[in-house]
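**Student:** Here the protein sequences line up with chains A and B, keeping their order. For the first sequence, position 66 matches number 66 in my numbering, and the numbering has no gaps at all. In my numbering, each residue carries its 1-based index in the second sequence increased by 1000.
Keep in mind that the hints are not guaranteed to be accurate.
Unchecked claim - Pairs of lysine to any residue, SDA-like flavour, derived with a Cα cap of 20 Å:
(1) A/Lys93 / B/Cys1141
(2) A/Lys290 / B/Asp1139
(3) A/Lys290 / B/Cys1141
(4) B/Lys1093 / A/Glu107
(5) A/Lys93 / B/Val1234
(6) B/Lys1290 / A/Asp139
(7) B/Lys1093 / A/Tyr103
To be verified - Chain B stretches covered by chain A per the calculated footprint, using a threshold of three residues with CB under 8 Å from any CB of chain A:
(8) 1141-1150
(9) 1153-1164
For the record, the hints were derived by calculation from the structure and aren't laboratory data. Positions of the beta carbon are idealized from the N, C-alpha and C atoms, including for glycine.
There are 2 protein chains.
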Amino acid sequence: MHILITGAAGMIGRKLTERLVRDGALNGQPIDRLTLLDVSTPSRPAGFKGRADCAAVDISDPAAARTAVADTPEVIFHLAAVVSGEAELDYEKGFRVNFQGSYALLEAVRATGGYRPRFIFASSLAVFGAPFPPAIPDDFCTTPLTSYGTQKAMIELLLADYSRRGFLEGVGLRLPNIVVRPGGPNKAASGFFSSIIREPLNGQEAVLPVDESVLSWHASPRSAAGFFVHAAGVDRQALGPRVNLTMPGVCCTVAEEIAALRRIAGDKVASRIRREPDPLIVRMVAGWPKRLDPARALALGFRVEASFDEIVRVHIDDELGGKIPS
Amino acid sequence: MHILITGAAGMIGRKLTERLVRDGALNGQPIDRLTLLDVSTPSRPAGFKGRADCAAVDISDPAAARTAVADTPEVIFHLAAVVSGEAELDYEKGFRVNFQGSYALLEAVRATGGYRPRFIFASSLAVFGAPFPPAIPDDFCTTPLTSYGTQKAMIELLLADYSRRGFLEGVGLRLPNIVVRPGGPNKAASGFFSSIIREPLNGQEAVLPVDESVLSWHASPRSAAGFFVHAAGVDRQALGPRVNLTMPGVCCTVAEEIAALRRIAGDKVASRIRREPDPLIVRMVAGWPKRLDPARALALGFRVEASFDEIVRVHIDDELGGKIPS
């Protein structure tokens, strides 16, 4: 099996690549080829025995998109995107990459004719815009309040239409907040959800810019990779025409997250969180989906951690070698 | 006031033009200029005293779109589209006109910079796809089952984002089945909703291809024009970020429509309907929205006929000089 991953150098792209290499197979078929694309060249996957092509590519260039699918990869994981904040600040860049880049890739598949790959698209809860019901159902309207969410929702629509017309077999995954992200602090407004766990475990102070009562929807990087792998095998008939799915998550408050950290790592670690409200972040977070009702994804077998404790433990296992640094 | 209408030669475009010329003003401002565009040159509006520019234009050509807004019309009614059936049969043409044409027009407005017209977009109930709840609420998901509906839903998303970013003041109108359409029978799958009223009133036989129990959502051509005029004056604050609105309609069965015709025009006229089921039309109609709950549009002051009797009378008044041909 030949698998293409766009955005392969990003955090989820790397987690997904590692998972595929470790599994060695997808949908019961051995993986003999990986094509890994990103704006900067992804690193060669360690331990992979098959052919790996790693390249720096701008998929919003239609010629590059055609080249990417020229060898007809059976499964395409399309993760490449300009992040939310950047798409809001630079409207043209966001539209070019998030919409036109995705459209170019879809069109490249269609142009091959008769080729019908499984096409897994990284969508986002940002397709939803406040006000929300207490739990957002699968049939809730997509009325985004960011250009990022708009671009993702537009591609969701195309993905469903291309699937219905038989150009490809699309599945769109609306990902939860992914925590705990490995690496250092970043500038994303959602970054604190990871840093309040990651930094204290590393002996560093983290800043909490919102109230502890803030509710959010989470999954680990390990679960995110799992969503993509599972989506590759989901039954088309069971999926039906509504191919874009809200992924399951763990719904909890910041207070509950800190309590989980305290249970697992102790008071000293949990005390390394400094409260420093940031009105801009408070306002942005208030507009994000908090609780969802991902009934369809659960029925289709998508699974996530059972608690935030488990999310913290996944981070310790996968990033800290199973040990809390002393 | 300068008003631009795309799709001005179509049925609703003509009704809207007539209404604007008759009113002589929009939002309390005298109309001194009309730009009427379509793929074939719209006719000069009878009785209009101001400047009227009528031209054949392909708005999916970005240069043509820029020319269309170069003189910064204060209100743009964007009705141009390839119809549902054609967009399904010719995917590329549908996408080029319905998506790329609308996008070109939106982009032409954005490119002018600082220019912020009211932009009224003709959307469709085809943005919804079965299965439906008993009455489709305003916050129901847009999961279309046609390429036409997909293209309309994508432009709805852009319209909302362009409004949010201040590039324009968008309002999207999801139009009901418009009946009774003037003119002869056409090939649209929904054509029978008009022909079972229009042809019998003209002494001709009409074919009913579906069961009389079929439920549908209707408004007259007069109401359709009224929706566009009303949308031009809707308060931006009251509208909020969800700028795409399901229009009110009259919900009734085919049996109720025939009963209305019988009440108004008598048994002899109503007997000119021949039942001849068409499995393709039966299947298509089964997937269409039947009953909606247009709470937001009603709260914003959009109005429609109170009954199907009224819709029949509007047709007799507007198309038959107020008299039933004997």
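**Student:** Each of the hints needs a verdict: does it hold here or not?
**Tutor:** Consistency of the hints with the structure:
A distance of roughly 28 Å separates the Cα atoms of A/Lys93 and B/Cys1141; the hinted pair therefore is violated under the 20 Å criterion. Pair hint A/Lys290 plus B/Asp1139 holds up; C-alpha atoms about 17 Å apart against a cutoff of 20 Å. Proposed proximity of A/Lys290 and B/Cys1141 is supported: the alpha carbons are some 18 Å apart, at most 20 Å. Annotation: proposed proximity of B/Lys1093 to A/Glu107 holds, straight-line Cα distance about 14 Å (limit 20 Å).
The straight-line distance between the Cα atoms of A/Lys93 and B/Val1234 is roughly 32 Å, outside the 20 Å bound, and the hint therefore fails. For the suggested pair B/Lys1290 and A/Asp139, the alpha carbons sit about 17 Å apart, so the restraint of at most 20 Å is met. Taken as a hint, the B/Lys1093 and A/Tyr103 pair is honoured in the structure, with Cα atoms around 16 Å apart against an allowance of 20 Å. Under a criterion of three residues with beta carbons nearer than 8 Å to beta carbons of chain A, the stated coverage of the region 1141-1150 of chain B is upheld, 7 such residues being counted.
With 7 residues carrying a beta carbon less than 8 Å from a beta carbon of chain A, the region 1153-1164 of chain B meets the three-residue requirement, and the given coverage holds.
Consistency with the previously given hints fails for numbers 1, 5, ordered from lowest to highest.
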